[in-house]
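Protein chains: 2
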Amino acid sequence: MLINGEPGQTIPVSDRGFHYGDGVFETIRVINKQLSFWPLHQRRLANACTLLAITLDLVALQGDLDKLLTQSPANGIVKIIITRGSGGRGYAPGLSSATTRIVQFHELPPANNGPTADGIRVKFCQQPLSVNSTLSGLKYLGRLDLVLASMELDDGFDEGIMTTDSGQVIEGTRSNLFAVIDGELVTPNLRNAGVAGVMREYLMERFASTGNPVQELDLEREDLSNASEMFLCNSVFGVWPVVELVSQNQILKLEIGSITGLALEFQDEEFRLY
Amino acid sequence: MLINGEPGQTIPVSDRGFHYGDGVFETIRVINKQLSFWPLHQRRLANACTLLAITLDLVALQGDLDKLLTQSPANGIVKIIITRGSGGRGYAPGLSSATTRIVQFHELPPANNGPTADGIRVKFCQQPLSVNSTLSGLKYLGRLDLVLASMELDDGFDEGIMTTDSGQVIEGTRSNLFAVIDGELVTPNLRNAGVAGVMREYLMERFASTGNPVQELDLEREDLSNASEMFLCNSVFGVWPVVELVSQNQILKLEIGSITGLALEFQDEEFRLY
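Listed in order, the protein sequences are those of chains A and B. Residues in the first sequence are numbered from 1 upward in steps of one, following our numbering. Residues in the second sequence are numbered from 1 upward in steps of one, following our numbering.
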């Protein structure tokens, strides 16, 4: 781990990332010493920092990443955390906060060697996802709703699907969601909630470029009960076909169909590049 | 500052409070070496930890606070931060996370010697407040919406009033809101968003016990334009009468009326105890 370019394991308690979740992060799969989807991750990170008025030194960050990758195994995960640093009076930031820049290497979790091929079981989480139109899309540090949702998954479910208090389906706890409904490939719109995932963006571009445009829609739970295919994705584990969706009233069994197959091919095309 | 009972200034980067906002905090006014409203703060903190399944050792915390107050000036602010500690796999906590317990002493900010007597100017913030029915009421670490709202207040406004994306008025950036509308004392309900402030709770109890029950209502911006009195409060600065509310279309001038006067008396009654 490097903190502002230097080896370290601790941060000042005063860091605003700790006090207020005042920062953002990226989680990136490392394949053969290379950061997969790096241009997309970098763009999302830079855009988020601009929106939050956090100064991001991309050259210094690139230096940190080069150094970290040199010292790390060939395959795994890199997490980048950027915070507004220390300072300010309460919620209001000071004028002179110096950004905190952290890069960390992790082993791949076992899930990545796991259930992909045969598909996964998912359920709807009770815990609602937070709604905020200016924070939606961002991968900011305040993730308590996702933490609580994850705590519901200890009974044989690989992922949980999250909805807002008003019943809109948005995403998985650590993934974005796609479904085939009435023959159309759709994904929830993220206007009000959710993380705009890098794999989601990549898949939408690939599907569009091959004549299968993805519709971004307002979706409710009932809509998913009409799905013929469903898959979740993120940039670390790739694409997870869903073969069983459990809700209060029913268990929906799904096949791994041709559209999901295409998503898996797109995933492989990218992961094979490295 | 004490971290798990020992002097310190840093926490491990791995702390879940830093990664995910997985924790809660309290900010308490210290008067003559005593923690004002301590029973209410302690109850809110304990309830939040129960809800989040974070283990809280209240005896150890009390020991930390006693030690901190002995070493600190007679008057100021104590901040308590409790997190789930380190561990787990991504959002999902580990089974063995050890709670992180931090107590810090701060000077009182200048605002506490400031605008109270003559009243304050407030405006509506553009930044919406996050909506989440299970997190509402809690003072959890993820406060990015409030940080961004605070950044709008650099032009002569002492506080900003926050609304949800659907237009519900909830609170100030660091305060709760009361208003007198059509002769009734009201405060926004916090079912879906907002912090259930200790001063708010205290004032509601005091008003009720003196024959002036407070109505918790769904309020929209337009409702506030009919207010005859308005005040903000939190447990550190007490009660701030509002004398000017600026919205896009109008400036509402307000008097410091008899109900606000009563709130100021209730505040003084408590603060004088110490």
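I should point out that these hints are in silico values taken from the structure, not numbers from a laboratory. There could be a bad hint or two in this list.
Treat identical chains as interchangeable: a pair holds within one or across any two.
[As the list claims (entries may be wrong)] Here are the simulated lysine-lysine pairs, DSSO-like style, with alpha carbons at most 30 Å apart:
#, residue 1, residue 2
1, Lys139, Lys79
2, Lys67, Lys253
3, Lys123, Lys139
4, Lys33, Lys253
Small disclaimer: the values here were computed from a predicted structure and weren't measured.
Results of checking the hints against the structure:
Within a single copy, Lys139 and Lys79 get their C-alpha atoms as close as 12 Å, and across copies as close as 27 Å, so both meet the 30 Å cut-off. In this assembly of identical chains, the alpha carbons of Lys67 and Lys253 never lie at most 30 Å apart, being 46 Å within a copy and 59 Å across copies at closest. Within a single copy, Lys123 and Lys139 get their C-alpha atoms as close as 23 Å, and across copies as close as 29 Å, so both meet the 30 Å cut-off. With identical chains, the CA atoms of Lys33 and Lys253 are never at most 30 Å apart, being 39 Å at best within one copy and 63 Å at best between copies.
Hints 2 and 4 from the earlier list are contradicted by this structure; the remaining hints agree with it.
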